[in-house]
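Visitor: First to last, the sequence lines map onto chains A and B. Numbers 1207 to 1593, taken from our numbering, label the letters of the first sequence in order. Numbers 15 to 433, taken from our numbering, label the letters of the second sequence in order.
Quick caveat, the hints were computed from the structure, so don't treat them as lab data. From the three backbone atoms N, C-alpha and C, an ideal C-beta is built for every residue, glycine too. Wrong hints could be hidden among the right ones.
[Said to hold, decoys possible] Some, not all, of what chain A presents toward chain B, calculated at C-beta under 7 Å:
| hint | residue |
| --- | --- |
| 1 | 1433 |
| 2 | 1437 |
| 3 | 1493 |
| 4 | 1547 |
| 5 | 1554 |
[To be verified] What follows is a list of derived Cβ distance ranges for each label pair:
| hint | chain 1 | residue 1 | chain 2 | residue 2 | range |
| --- | --- | --- | --- | --- | --- |
| 6 | B | 118 | A | 1465 | 25 to 35 Å |
| 7 | B | 347 | A | 1456 | 29 to 39 Å |
| 8 | B | 263 | A | 1266 | 54 to 64 Å |
| 9 | B | 328 | A | 1365 | 50 to 60 Å |
Okay, here's what each chain looks like letter by letter:
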Amino acid sequence: MMEKDDKDYKLKQKIMRYFWRLGYFVRSNVKLTRETELGKSALTDIDVLALRFTENFQTDFIICDCKTGKNVSNSERLLWLSGLQNYFDSRIAYFLRSDISAREYEEILNKLKINCLTVDHISWLEEIYGIDSEESFGPFIDDQEQIKIGFKEIEKKTKYSLDYLFIDYWRDNPQHQILQVMSICILMNQSSQIDENEKQFVLLYCYGLLSLSILRFCHKVLMLPTINKEEYIQETLLSGKIPFKERVSLVEHFYSFMVKEIEKRYKEKYPISKSEFVDNLIPDYKPYLVDYILRLVKYPESSVFIPRFFDLMFYNGLIGEQDIPFSRLFEGFSKNDFSLKPLKDFRVFAERSNIVSENLNTFLIKHIEKFETYLNTDNNSHTLVNL
Amino acid sequence: MSYEEICARCVEISKSLVNTSVGLVGMDLKTTRKIGDAARLAASIRRTGEIPARTFEAISTTLKIPPLIAEDSLLREFESLGWVQTKRIGRKITKIEEYMPPNTDVLKTLGILWEELQPTPIDEVSIKSLHLLSKRPYSIEALSSELDTELENVEASIHYGEQVNYLGTFQNRDGKLLAWTPLYWNNNLENALRYIDRQSEENLNRISLVTERIKNLQGVPIENLITHENRGIIESGVYFGYFPSVQISTATKKFDYMFTPRAHFDTGMGVFEKAELIVASIRHGQYHADHSRIRSPIAILRALRNNVLKPHSHALTQYFPLKTHGIVNIHQVKAYFGKGYKVEWIDTPENNYAADIARELLSKNIPVPASFEDVEVRQLALDGFFNYTSEQRKISKTESIMAEDEFKRLMEETAGITE
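Let's have the full structure, built from the sequences with the hints guiding it.
Guide: Shown next as structure tokens:
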């Protein structure tokens, strides 16, 4: 998340705005961690992470390192950036400095396939792409302090850590991301510790990440024959970090152990059958999530803007209490016609999975209707299509 | 009786009532018919996304649900449940956005709705009778007592049921008048009647218990059900075709796999019968394989549909019933162990639909009662075309289509080919 006392704040804002213009979903100050025997350990920080979907749900990552002022360890930093590029399997990385001579590092930049940018260069790019550098919306809005405070307050009240959304999320595969974010959404929606506004706040933020993970997951699903899709989704989604079959086998062994223990120790029969016990592995929302993904893969071109829609809803609609700048949503997409069905399907999925509060549902319906009206007006360059 | 079972029974009755005008059925069985039609329509349009109004009308016509009823009554219910959203110009519907939940939710919700719509006594008795009689016959008086209702309600329900064959009566050899459901045995009426005709009250109770046990594991091997007390009734039940079963024969032995009786809407081999063949073949591998037993039936079903089952020497025996009925081809191949057989799935909409039903049976879900007609509607709704085999079957069923132009137009509308 952006912090105003961050000395590279303005630089990050500029590059995020530029990536958004190219059609990317953007985040700043992403922390990477690793698991050790003693728990989580910080790995590194990424200044700006951006990702975009091709029209077959393939993900294109960009990593950007931003620094204001002179920094003598540029070479080391370039090598570090290259390592991160590998970690995310990212096609390209950006090295943004307020003051750098690219020529000095030309050889290493070429070898590592990293683009070097200066502030002047960004300004030039803003001009040719028609970007208003003062414009503030989405994840690079000016005032993000209240967002940080908001999450801390919720954590205090619920005594549940939301670190996953800002730290571990980016380390995990899409399946595990989906499971974790869904858990957070369910917990928050059911919590009696937080009020309706706080629920709206955290859930809407989660939808951006959840839809992102689902779209990433869809790439493999899209490539499968139709008859295999449902099985693949069901088994892979539930695997997380442990393959589903291993998980079932583990639980079945545990069940057998429990039945025997209870019988021997208490001379009583365990009242739950093995299949009922194993079924508890499967979250209630599974059939709705499977259904949603099967619908989503039918409309790839109309699905890829969904994570950015939720970002605009969160940052502008909820935090900024402004109108959603719908025209900004399609920046970077060459397609001019869209269907809102995938977005509406998400709302229905959220309702059925119990990850949307009543007020938030009303809020979503209202803004989707506004979006529909926007697309139906003659004086915008994008149109609503019937699929 | 679960809500899913209520809905499934509604579908059976509504399908039986298609193209009929029986007495005051519009009044007395209004709720049952509405829910049954709703379930059939929901299953047909699920996951179609966005449907133009004309295509929706064509789909409901193909399902033999009058478009006026589909639009005014059923769509309204779907809208109130959040399952569809209609787009209108003025009062005219132009497009339907579909948000159907998974099938299990559809069945459960519609079952609950049936109750909430305050069904008539005839509705209630018809549904509950069908449910009870699917397990064993009852005398009219016993049925009235089981259902805790007036005798005249039972008699009225049976009267309706007799008109279209989902309920019926017969006199057993003791001269007692018993009620039963011919719908579940309408491809084997005479033999099924001969079987139940000779059963005592005690045996009828045993039959009911056996049916319940099979419900918990469709395709269960016969030897897993047989006890000293029920051997006779199970073996003769299979012999007379009262209990649907599939037999797989090896060189030395015959194996029977049992299924619960169910409604038949197709003549001859129906889509459910095909599903039962598939389940039985998989159960054979689960319980009676020579070398390695199947541990995950659903994984085997998936492998079968994907043509990734490894060749093995027993495949010809195990999948022979599927080969006979055009579900798979079996080729002899050379394997490392000698002569083996490779099974190849025959990819047709009917076989795929049967496999979907087989999956529901293996997963212990209640499938929506279906027939080949529903396969065709689904094909039209999703893919927008008739496949060759279904056209051939239509041609072989009717000598001629009288209203050819209208029929052609109906097919075009259903396929979404607009003017």
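Visitor: The structure should be examined with respect to each hint, and the outcome stated for every one.
Guide: Here is how each hint holds up against the structure:
no., hint, verdict
1, 1433, "holds (5 Å)"
2, 1437, "holds (5 Å)"
3, 1493, "holds (4 Å)"
4, 1547, "holds (6 Å)"
5, 1554, "holds (5 Å)"
6, B:118 <-> A:1465: 25 to 35 Å, "holds (28 Å)"
7, B:347 <-> A:1456: 29 to 39 Å, "holds (37 Å)"
8, B:263 <-> A:1266: 54 to 64 Å, "holds (58 Å)"
9, B:328 <-> A:1365: 50 to 60 Å, "holds (58 Å)"
Violated hints are absent here; each numbered hint is respected by the structure.
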